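If you want the building blocks of each chain, they are given just below.
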Amino acid sequence: MKVNPDLDFIKYMKSAGGDTLKKCYQCATCSVVCPLSSDGKPFPRKEMIWAQWGLKDKLIADPDVMLCHQCGDCTAYCPRGAKPGDVLGAIRAYAYTHYGFPAGLAKLVSNSKNLPITIGLPALIVLIMWFISGGMHVPSAEALDQYGFGHFFGHWDWHWLAKNVAFIDIIMVPAAALAVYSAYRGVSTMWKAMMKQYNVSSDYRPSVVQFIQQFLVPSVKEILAHTRFKECGTNADRTTGHLPLLLSFVALLFVTAYSAFVQDVLGIFYPELHGPMSMMNPVKILANVAAIALILGVGILWSNRSASESEAGVTGTYYDWFLIYEIMAVGVTGLAAELGRLVGVPVLAYFFYYLHLVSVLMLFLYMPYTKFAHMVYRTFAMAFEKYRESDFVTKSAE
Amino acid sequence: MTEQSASAGAVLVVGGGISGLTAALEAAEVGNDVFLVEKNPYMGGRVAQLNQYFPKLCPPSCGLEINFKRVKANRKIRVYTLTEVKSVSGSAGSYEVTCETSPRYVNNNCTGCGACAEVCADERDDDFNFGMSKTKAVYRPHEMSFPMKYVLDKAACSADTLEKVKAACKYEAIDTDMKSESFTLQVGSIVWATGWNPYDPTNMDNLKYNESDAIITNMQMERLAAPNGPTGGQILRPGDNKEPESFGFVQCAGSRDENHLEYCSYICCMATMKQITYIRERYPEVPIYVFYIDLRTPGKYEKFREKLMSDENTHFIKGKVADIIPEDDGVTMVAENAVTGDKVHQKVDLCVLATGMEPAIKSQAAGLGIDVDSNGFVVSDPAKGMISAGCAKKAADVVTSAQSATAAALKAIQAAK
Numbered sequence: 067m068k069v070n071p072d073l074d075f076i077k078y079m080k081s082a083g084g085d086t087l088k089k090c091y092q093c094a095t096c097s098v099v100c101p102l103s104s105d106g107k108p109f110p111r112k113e114m115i116w117a118q119w120g121l122k123d124k125l126i127a128d129p130d131v132m133l134c135h136q137c138g139d140c141t142a143y144c145p146r147g148a149k150p151g152d153v154l155g156a157i158r159a160y161a162y163t164h165y166g167f168p169a170g171l172a173k174l175v176s177n178s179k180n181l182p183i184t185i186g187l188p189a190l191i192v193l194i195m196w197f198i199s200g201g202m203h204v205p206s207a208e209a210l211d212q213y214g215f216g217h218f219f220g221h222w223d224w225h226w227l228a229k230n231v232a233f234i235d236i237i238m239v240p241a242a243a244l245a246v247y248s249a250y251r252g253v254s255t256m257w258k259a260m261m262k263q264y265n266v267s268s269d270y271r272p273s274v275v276q277f278i279q280q281f282l283v284p285s286v287k288e289i290l291a292h293t294r295f296k297e298c299g300t301n302a303d304r305t306t307g308h309l310p311l312l313l314s315f316v317a318l319l320f321v322t323a324y325s326a327f328v329q330d331v332l333g334i335f336y337p338e339l340h341g342p343m344s345m346m347n348p349v350k351i352l353a354n355v356a357a358i359a360l361i362l363g364v365g366i367l368w369s370n371r372s373a374s375e376s377e378a379g380v381t382g383t384y385y386d387w388f389l390i391y392e393i394m395a396v397g398v399t400g401l402a403a404e405l406g407r408l409v410g411v412p413v414l415a416y417f418f419y420y421l422h423l424v425s426v427l428m429l430f431l432y433m434p435y436t437k438f439a440h441m442v443y444r445t446f447a448m449a450f451e452k453y454r455e456s457d458f459v460t461k462s463a464e
Numbered sequence: 056m057t058e059q060s061a062s063a064g065a066v067l068v069v070g071g072g073i074s075g076l077t078a079a080l081e082a083a084e085v086g087n088d089v090f091l092v093e094k095n096p097y098m099g100g101r102v103a104q105l106n107q108y109f110p111k112l113c114p115p116s117c118g119l120e121i122n123f124k125r126v127k128a129n130r131k132i133r134v135y136t137l138t139e140v141k142s143v144s145g146s147a148g149s150y151e152v153t154c155e156t157s158p159r160y161v162n163n164n165c166t167g168c169g170a171c172a173e174v175c176a177d178e179r180d181d182d183f184n185f186g187m188s189k190t191k192a193v194y195r196p197h198e199m200s201f202p203m204k205y206v207l208d209k210a211a212c213s214a215d216t217l218e219k220v221k222a223a224c225k226y227e228a229i230d231t232d233m234k235s236e237s238f239t240l241q242v243g244s245i246v247w248a249t250g251w252n253p254y255d256p257t258n259m260d261n262l263k264y265n266e267s268d269a270i271i272t273n274m275q276m277e278r279l280a281a282p283n284g285p286t287g288g289q290i291l292r293p294g295d296n297k298e299p300e301s302f303g304f305v306q307c308a309g310s311r312d313e314n315h316l317e318y319c320s321y322i323c324c325m326a327t328m329k330q331i332t333y334i335r336e337r338y339p340e341v342p343i344y345v346f347y348i349d350l351r352t353p354g355k356y357e358k359f360r361e362k363l364m365s366d367e368n369t370h371f372i373k374g375k376v377a378d379i380i381p382e383d384d385g386v387t388m389v390a391e392n393a394v395t396g397d398k399v400h401q402k403v404d405l406c407v408l409a410t411g412m413e414p415a416i417k418s419q420a421a422g423l424g425i426d427v428d429s430n431g432f433v434v435s436d437p438a439k440g441m442i443s444a445g446c447a448k449k450a451a452d453v454v455t456s457a458q459s460a461t462a463a464a465l466k467a468i469q470a471a472k
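Chains as they are written, first to last, in this note's numbering: chain C, 67 to 464; chain D, 56 to 472.
The set of hints was computed from the structure by calculation and includes no laboratory data.
The reader is advised that the hints may include incorrect statements.
Unchecked claim - Pairwise CB distance ranges (calculated): (1) E313(D) with F197(C): 54 to 62 Å; (2) L290(C) with D378(D): 28 to 36 Å; (3) T293(C) with D182(D): 31 to 39 Å; (4) V286(C) with Q289(D): 57 to 65 Å; (5) K297(D) with V275(C): 52 to 60 Å; (6) P353(D) with E375(C): 37 to 45 Å; (7) E375(C) with I121(D): 52 to 60 Å; (8) D268(D) with E375(C): 37 to 45 Å; (9) V286(C) with K297(D): 46 to 54 Å.
Claimed, not checked - No more than 25 Å apart at the CA atoms, straight line, and that leaves these computed lysine-lysine pairs for BS3-like: (10) K287(C) with K258(C); (11) K398(D) with K88(C); (12) K373(D) with K88(C); (13) K89(C) with K77(C); (14) K189(D) with K107(C); (15) K112(C) with K88(C); (16) K262(C) with K398(D); (17) K221(D) with K189(D); (18) K112(C) with K398(D); (19) K373(D) with K417(D); (20) K80(C) with K68(C); (21) K373(D) with K124(C); (22) K209(D) with K221(D); (23) K373(D) with K68(C); (24) K112(C) with K262(C); (25) K89(C) with K373(D); (26) K209(D) with K225(D); (27) K89(C) with K94(D); (28) K124(C) with K398(D); (29) K263(D) with K296(C); (30) K141(D) with K449(D); (31) K107(C) with K124(C); (32) K124(D) with K111(D); (33) K112(C) with K373(D); (34) K111(D) with K189(D); (35) K107(C) with K68(C); (36) K68(C) with K258(C); (37) K107(C) with K398(D); (38) K296(C) with K398(D).
What you are looking at is a predicted structure, and each value in this text was computed from that prediction instead of being measured.
Quick reminder that beta carbons are idealized off the backbone N, C-alpha and C, glycines included.
So that you can see chain D by itself, here it is in the shape it has in the complex (with noise of 0.2 Å):
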């Protein structure tokens, strides 16, 4: 176990996502050392996997890069990825955080040129893209992840691959016999941006998820949409990839939902409303169908919505999707029309869950000993020194966890002297 020293003051961000980066460098930018961990092998985070994301409908290399490019050139943030965080000790002003850093199995050798990955005949589902397709096994996450370094999938790998990958690289950066490690961080306060998971949809039983190709959630639909995605940005039917007449979009899947998430995850109708977009783009007149029981434009998305709304292809239709029946080509979906009072059965080819955001530390908060609220949103306590950002903090936008990770670097600086 090593130690990793610092100036007093040191701030801890747990979390590279655009949370956790505006936070370190709004930290590191006045001068304090910060050290930002990230359990995933790259930064950036959900907002890395989007297509295009609000305000501006940028894509994520947009907003991201600036950020990669602002850590780099800082001397005081130390970025540890594949590392999360084991325990914490200590109070304000004296933190004691155990952290541990699962092996890349590809050392700082690594150019990026991809050798490796040419010999490499074993595959790995891709969770970038959520299952929608395959990597090599030894890969880089995504084409601008950060650090520009590949990563080994031991266990997907049979041991010829292992030789072969390693004979291929003639930097000498594979290092297949790398093992965990464990240090300590002494830290004056932490700033938790540990960000959010896609809520499961297997949970909504009725909504049938795992039975149907044809029904998606509105991530794996971003995925789609990208043009690093697993189609090309193309948007087709996963399974049978099929140029969808019809969509469907599911509002409220799992959220404002006293057994699933009880919570507004305040996202999912205005992605709902920019996936409308993507699919205007590519298909301009087909069919969409909205089922929603309220829709929360927050901010200055009115206009938005207006417009999206006059387009006499796309149906709103008030009442919430409680079943999913899967059809040879497509699903139908079922609700009642709250202000007809008719049941609406709607056969669509593709139907996008728009499901809501869960906290991602909220099994673990209580190992950790963090406040969470009965959601598992990590609840600030400045005096404490621990203070929360972004979607760990509660559901946002982009713009929103970067304006609260901003506010949680001036606490965490306040509370680190």
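Chain C on its own, in the form it takes in the complex (with noise of 0.2 Å):
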């Protein structure tokens, strides 16, 4: 066997938090520990020499790189302090920023030293827009009761689209949709080099429907369960605070199509549905019980991933933490707009209004190439190791 070693991924590796992974001489221990290691195809032993020798096109064709919760147990058993987790956190960054489209904003979000640019390039879109829309100036206090944060871009009178909603449909839409586009190009990008990988035969193939009922929603089943995260030893506490954060998430999900709903397309026919919920609206109550439930978790995990880098010896990376400040950037910068209007301070409720567009502005658009795209990359991953294990491949490979 001849290895064409890539030195730019090892030099990448080295500098992306997974330095130690020279010190491994393949013990397997990790393999054995590891909590979600199958006996079938033990990990993650064969990614750590794949990454000794710059293997980088097996390891992003590598459902097992995905599927690792970075559990820790791995690195907390390694003789060597290799810290597999780590090695494949760097990995799974890698792959992000490999998959990403448009390359270039991908490369761009994986680097710290463009954090200005990160950050700035969202604030300086929502900023034009607010300055074009024509509505930047703070309210009177009277006006952000009576309508919230519904006049931020300024109002007119065509009442089938609200001014505002235009203009966060014109900031949103586009980022979203390029997110989704970037995700559904990265995973059939590594879908195929998966079933390249393992020699997967696609003789049979499942329709959208049978893919998405026997594979897709049985991966987001057991992702909503934790069913993994829960098996892990070391860390296992991590449960307490990813699960509130991504039902948070979901909730939010719909607090927001609820909100569409009701404001934007009823809104037309009943105008009275415009303006703030009430309160104790069932709707709004969910919402900031998932706003409260979305800071709590972050920080839980936050206050882990701290603990686990002082005591564990977890290298801090700028990919894990630039995930946690971002969502805690957007809960708090919500909350902290919400609490504005209500106390009646329009300048903080605009000024943290601003923020949180900039905050969830940088979520949307950034997801495929952040650790936020565990989301996609994970639950397809999970998806395909059920397809590689299901009739479909089986009995084609027969």
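Build the complex from these two chains, which are given one at a time in their own frames, with help from the hints.
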């Protein structure tokens, strides 16, 4: 076997928190102590040697890299301090950048040196749009009380589409569309690479419906239940942070969809539906509970990560911390804007609302390139694992 | 406190195992006065506990007895058993060493007749056999223990037993009022031949040493195979005395591991291969599974390895055992075969942890002013008259230990002048 190591990849691994990988001497302790490693294809021992050899093509086409939940048992038991958990995290970070589209944006976001541009770009977009909209002034306390943030981007009389909604859509929809397209592109490239790596023939292909029913839905169910997280030995309490965080995302997605439907669709016919929801509205209660769950969840993850870095020797990386800071920013600015509105301080309310829009835009726009991408890549890696074991693959191999 | 004076150039050898005996004899036989201090009630150290040892797979009596004879015949060597070094002061050429001898409760009248043990009703755990058997509370540590005197474990005896034991000895050798004694030695240099302890297997929580009788250490295996061991040399599973129908070996159990012993203990691969020969003598066809990271056969043992690996019932699997699951009958060892990439669950009747060597002096080194490296091995400093030998210096086999002990004797003589 001829090995063509990719030196740039090895250099990248060193810079992204995987600098310990050269210490690995292949004893395979990690593959045994890993609670998620299966009998048929244990990991992460094989990933460690692939990484040492710079075989990046094998790594980015390896579902196990994505299935790793970084429990940390491997790192705790590793006799050499090679930190397989950190190495796999660095490989995932590399994979998201590799699969990211457009490549320039993916590279930009993955490097801590570009943090000013990473924040500056969305901040500028929102600022320019706010300026163009003509709504860029601090409202009176009465106006804030009456319209909430509904007139942030100003107001026009065309009642089919509120000006505020129009501007938010202009900012968020292209960002979200780009993110969805990029994630789709990345996942399908990864899927093809995994098919090739594992010699999966596609003689019998599932239909889209079959794919969703048999592979995607069970994976999503598993994710929601946190089945794998709960198997983690070291670091098992990460579920305490990740579960409320994930559920809050689901709840906020629902709240956003509900509010868009009620205000922007029903609101066309029943104008009284515009304006801030009552605090006693069940949906508003859900929104507030979710916001607090989000902040608490990410706060627990924050403190767990700090503790594992100071106690268990886990390497702190930009990749991990960026997402924690970003989600914290979304939660804190959202809640601060709401509080500013409730106590009637328009300057603060608008200031935090602006920051909230910026942080939400960052979350959407950078989803496929940051750690947030695990949401799609891990889900599809789980689906691939199920697909590989299904009749579609096993029968066609016969 | 008594003072032991000797001519200038006296050497203190701490530890009476194969290295200490060798260093003491080499120094004494060229004319230096030697004090040989041993913490156990017997000489011979770890070698005495082995069934056979390299290079020729001899029983320990083979090498130890001749050394004991040389020690007995040499008037230059003074031996202290049950004795530990408490403090060291001074400098090269003039060290003052305080030692303390614990009471044996048996004096020099003892002839080793054993009449005391016959009447003794109380028992104690036999640490020579790693707790796999019991001895009477008045005992000889093992059948060729030197000096040939009994030891009384007073704490394990009832008052009644003490009376009976005393009465049974017609030589008045039992002295239950014996006290600890301190004394100082004036020496020119010190050889630290303090040897090693088997690494504590309970530190590896994933290997579950305490959770199954079917998990033993390699040193326990030596005792099981030894004719003077708890089973008379039969290899039987502790607990139920079953004849094992399969064996597993866990290499690097604690060695080459930052969380335990970060160095290679040097002897465990060869010890396992040696123990495979013990098994084959008794059970010619049982399957044996050896899980390893790398096999190291230092010296001239490559042919030995080849011969053992050609046995079709002995399987060598590259992959460290990182989990052992206790079963009703034996244990299941879990590893990833790093060559095939498959996870292996191997059920065996008896599992041997090839635990490594931890320097015995490690925890006391600082208090005694001994210079040790980060792993606790004693660093020689001939200019200061502090020299290490054998496994106190580094993990080593008997041959290497004897060589380093001879070298240490030479340095010690030079430094003691």
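Hint by hint, here is what the structure shows:
Remark: the range hint 54 to 62 Å for E313(D) to F197(C) is upheld by a beta-carbon distance near 57 Å. The hinted window of 28 to 36 Å between L290(C) and D378(D) holds, with their beta carbons roughly 30 Å apart. For T293(C) and D182(D), the hinted distance range of 31 to 39 Å is not satisfied, since their beta carbons lie about 48 Å from each other. In this structure the hint that V286(C) and Q289(D) lie 57 to 65 Å apart at CB holds, the actual value being about 59 Å.
Separated by about 58 Å at the C-beta atoms, K297(D) and V275(C) satisfy the suggested range of 52 to 60 Å. At about 40 Å, the CB distance of P353(D) to E375(C) agrees with the hint of 37 to 45 Å. Between E375(C) and I121(D) the CB atoms are about 59 Å apart, so this pair conforms to the stated range of 52 to 60 Å. Hint check: D268(D) to E375(C), Cβ distance near 41 Å, so the stated range 37 to 45 Å holds.
The supplied range of 46 to 54 Å is met by V286(C) and K297(D), whose beta-carbon atoms lie about 50 Å from each other. About 24 Å separates the Cα atoms of K287(C) and K258(C), which keeps this hinted pair within 25 Å; it holds. A threshold of 25 Å between alpha carbons decides the hint, and for K398(D) with K88(C) the separation of about 23 Å falls inside it, so the pair holds. As the CA atoms of K373(D) and K88(C) are separated by approximately 19 Å, the hinted pair is consistent with the 25 Å bound.
A C-alpha spacing of about 15 Å is found between K89(C) and K77(C), which places the hinted pair at or below 25 Å, so the restraint holds. For the given pair, K189(D) sits about 47 Å from K107(C) by alpha-carbon distance, which is inconsistent with the 25 Å threshold. Taken as a hint, the K112(C) and K88(C) pair is honoured in the structure, with Cα atoms around 13 Å apart against an allowance of 25 Å. With a C-alpha separation of about 23 Å, the suggested pair K262(C) and K398(D) falls inside the 25 Å cut-off, and the hint holds.
At most 25 Å may separate the alpha-carbon atoms for a hinted pair to count; K221(D) and K189(D) meet this at roughly 21 Å. Pair hint K112(C) plus K398(D) holds up; C-alpha atoms about 12 Å apart against a cutoff of 25 Å. This hinted pair does not check out: K373(D) and K417(D) have alpha carbons roughly 32 Å apart, beyond 25 Å. Of the pairs offered as hints, the one joining K80(C) and K68(C) holds, with about 23 Å between alpha carbons and a cut-off of 25 Å not exceeded.
Between K373(D) and K124(C) the alpha-carbon distance is near 23 Å, which keeps this suggested pair within the 25 Å criterion. Between K209(D) and K221(D) the CA atoms are separated by roughly 12 Å; this keeps the pair inside 25 Å, and the hint holds. Distance check on the hinted pair: K373(D) and K68(C) sit about 22 Å apart at the alpha-carbon level, within 25 Å; holds. Under the criterion of a C-alpha separation no larger than 25 Å, the hint pairing K112(C) with K262(C) is consistent with the structure, at around 18 Å.
A threshold of 25 Å between alpha carbons decides the hint, and for K89(C) with K373(D) the separation of about 18 Å falls inside it, so the pair holds. About 19 Å separates the Cα atoms of K209(D) and K225(D), which keeps this hinted pair within 25 Å; it holds. Pair hint K89(C) plus K94(D) does not hold up; C-alpha atoms about 40 Å apart against a cutoff of 25 Å. A C-alpha spacing of about 20 Å is found between K124(C) and K398(D), which places the hinted pair at or below 25 Å, so the restraint holds.
About 23 Å separates the Cα atoms of K263(D) and K296(C), which keeps this hinted pair within 25 Å; it holds. For the hint pairing K141(D) with K449(D), the CA-to-CA distance comes to about 23 Å; that is within 25 Å, so the pair holds. Between K107(C) and K124(C) the alpha-carbon distance is near 14 Å, which keeps this suggested pair within the 25 Å criterion. For a cut-off of 25 Å, the pair hint linking K124(D) to K111(D) stands: about 21 Å separates their Cα positions.
In summary, the hint linking K112(C) to K373(D) is supported, as the alpha carbons are separated by about 13 Å, within the 25 Å threshold. At roughly 31 Å between alpha-carbon atoms, K111(D) and K189(D) are farther apart than 25 Å, so this suggested pair is violated. For the hint pairing K107(C) with K68(C), the CA-to-CA distance comes to about 23 Å; that is within 25 Å, so the pair holds. Taking the CA atoms of K68(C) and K258(C), the gap is near 23 Å; set against the 25 Å cutoff, the hint holds.
Distance restraint check for K107(C) and K398(D): the Cα-Cα separation of roughly 7 Å lies within the 25 Å cut-off, and the hinted pair is therefore satisfied. For the proposed pair K296(C) and K398(D), the alpha carbon gap of about 22 Å is at most 25 Å, so the pair holds.
Consistency note: the structure conflicts with the earlier hints numbered 3, 14, 19, 27 and 34.
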